[in-house]
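Novice: If you're matching them up, the sequences are chains V and Z in order.
Numbered per the numbering used here, the first sequence spans residues 44 to 292.
Numbered per the numbering used here, the second sequence spans residues 1046 to 1257.
These aren't lab readings, by the way, just hints derived from the structure by calculation.
Ideal Cβ positions, reconstructed from N, Cα and C, are used throughout, including at glycine.
A portion of the hints provided could be inaccurate.
Unchecked claim - Residues on chain V that point at chain Z, a partial pick, calculated with CB under 8 Å:
1) Ala120
2) Gly124
3) Ile125
4) Leu154
5) Phe290
Unchecked claim - Simulated restraints, written as ranges between beta carbons of each label pair:
6) Z:Glu1050 / V:Lys241: 27 to 37 Å
7) V:Asp129 / Z:Leu1230: 50 to 60 Å
8) V:Ser85 / Z:Arg1062: 16 to 26 Å
9) Z:Glu1143 / V:Lys241: 26 to 36 Å
10) Z:Arg1062 / V:Gly204: 29 to 39 Å
11) Z:Thr1148 / V:Lys230: 36 to 46 Å
12) Z:Val1069 / V:Lys192: 22 to 32 Å
One letter stands for each residue in the lines below.
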Amino acid sequence: MTDNNTTHFGYETVQTKEKAKRVRQVFDSVASRYDIMNDLMSFGVHRLWKRYAIELAGVRRGHRVLDLAAGTGDLSARFAGIVGPDGEVVFSDINAAMLEQGRQRMADDGLVGNVRYVQADAQYLPFPDNHFDCVTIAFGLRNVTDKQKAVDAMFRVVKPGGRMLVLEFSHVEQEPLKSAYDIYSFKLLPKIGKLVAKDEESYRYLAESIRMHPDQETLKEMMGKAGFERCEYFNLTGGVVAVHRGFKF
Amino acid sequence: MSLSELAYAGLEEAINRCIALDPVATEKLARLHGRVIAIEIAGPNLRFYLIPGPAQLQVLSQYEGEPDCLLRGSPLALARMDASGEKGAEQLFSGRVEIEGDTELGHRFGAILGELDIDWEEQLSRLTGDVIAHEVGNGFRAIANFGRRTLDTLGQDVKEYMQEEVQLLPECEEIQEFLGSVDTLRDDVERLEARVNRLGEEIAAQNGDMPS
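The shape of chain V in the complex, shown without the other chains (with noise of 0.2 Å):
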């Protein structure tokens, strides 16, 4: 956030009540094509970033884990099949279309029973405190309004001993992948956006978005500020994207 009233959107200011509202539009007009199209702008490695944040996010048979930001539905798809039968995933997007495309998606990958799908504001969590024993976002959290606030909500859910992951994009510091990742994410992203999702300024709104987001060491602080401990952060391809881990206890 800017000042009180208002907040970024991509390198636009826009009215903090605003934003939501465009986010929104973005994500309902790319759910379709969401997963296609993060195959083709990361080419792939996407599935590797994911991946690694499994094996950070430490869950284990039994638990109950909130996959906020959850999209398609890749992270939970990965949870449901960790936790077994006797745990839970909460499955949670802020848009009623992308919650959509990822239920069916889980259903027809026959993970049900233990999945569970919650239309929720990261912002505002509608469950108990000490609640989860892990909880993630991927991909998501650049798109929240209020991100302290989020991250404060996630800490009140998690349970002591619980930990909390985020992987996002991040900021590149080394030349020249920093160069090129910059032509790439202004110049050819909106392109791919235009020729495959038929939305340019969505994928613009992407890039931008990545820019405005924390940084790898702002993110942490942030962290430490809600409540978490030993914070800690990993980036991934030279810090295209990063993951951020901290624990409650």
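Keeping the supplied structure of chain V fixed, place chain Z upon it in accordance with the hints.
Specialist: Showing chain Z alone in chain V's frame:
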């Protein structure tokens, strides 16, 4: 993120592609949902975890809990395990593969992978339609049968020639007799060794008694 991550992702993809071709195996694996099988490869000291589920079999390089079952062995011994049946059991009983934890789970899991029965004709029929796929299938079956018959006959002929005609190879009975003799000889040598040791001790004791 290391290269091994990529390897595990590749392994996972490959196993799942295979399993997906056998609906029975898919169903059986789904019943093991959430169970954790650790595989430890001796030598390179690699350890990874297999977690079956309804959607897929996950291959993870890290798992913070205790696995339900741990299989440990050399790459070759582990590879022979999933040949299942007698060979699988042989690997286990000969101690080449160690199993810890829930052994039944290990066996069930090994059996599912060992019994993967992929209906190639059915897979092909999706591309070509049933009639062509069946014809192609018949062709392959005929070739396979011919190959098997030919190999059997050839094997029999070669065996007879080597044993009866040129007498290069021994008969089965001869081998058994030879192996029996080796066992007897080994036992005799061990007895002799024990006797020599005993005599040695007696001599040492006598020498000890004698004043020097």
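Novice: None of the hints should be skipped; say for each whether it holds.
Specialist: Now for the hints, and whether the structure bears them out:
no. : hint                             : result
1   : Ala120                           : holds, 6 Å
2   : Gly124                           : holds, 3 Å
3   : Ile125                           : holds, 6 Å
4   : Leu154                           : holds, 5 Å
5   : Phe290                           : violated, 12 Å
6   : Z:Glu1050 / V:Lys241: 27 to 37 Å : holds, 34 Å
7   : V:Asp129 / Z:Leu1230: 50 to 60 Å : holds, 59 Å
8   : V:Ser85 / Z:Arg1062: 16 to 26 Å  : holds, 21 Å
9   : Z:Glu1143 / V:Lys241: 26 to 36 Å : violated, 57 Å
10  : Z:Arg1062 / V:Gly204: 29 to 39 Å : holds, 38 Å
11  : Z:Thr1148 / V:Lys230: 36 to 46 Å : violated, 58 Å
12  : Z:Val1069 / V:Lys192: 22 to 32 Å : violated, 50 Å
When held up to the earlier numbered hints, the structure conflicts with 5, 9, 11, 12 and fits the remainder.
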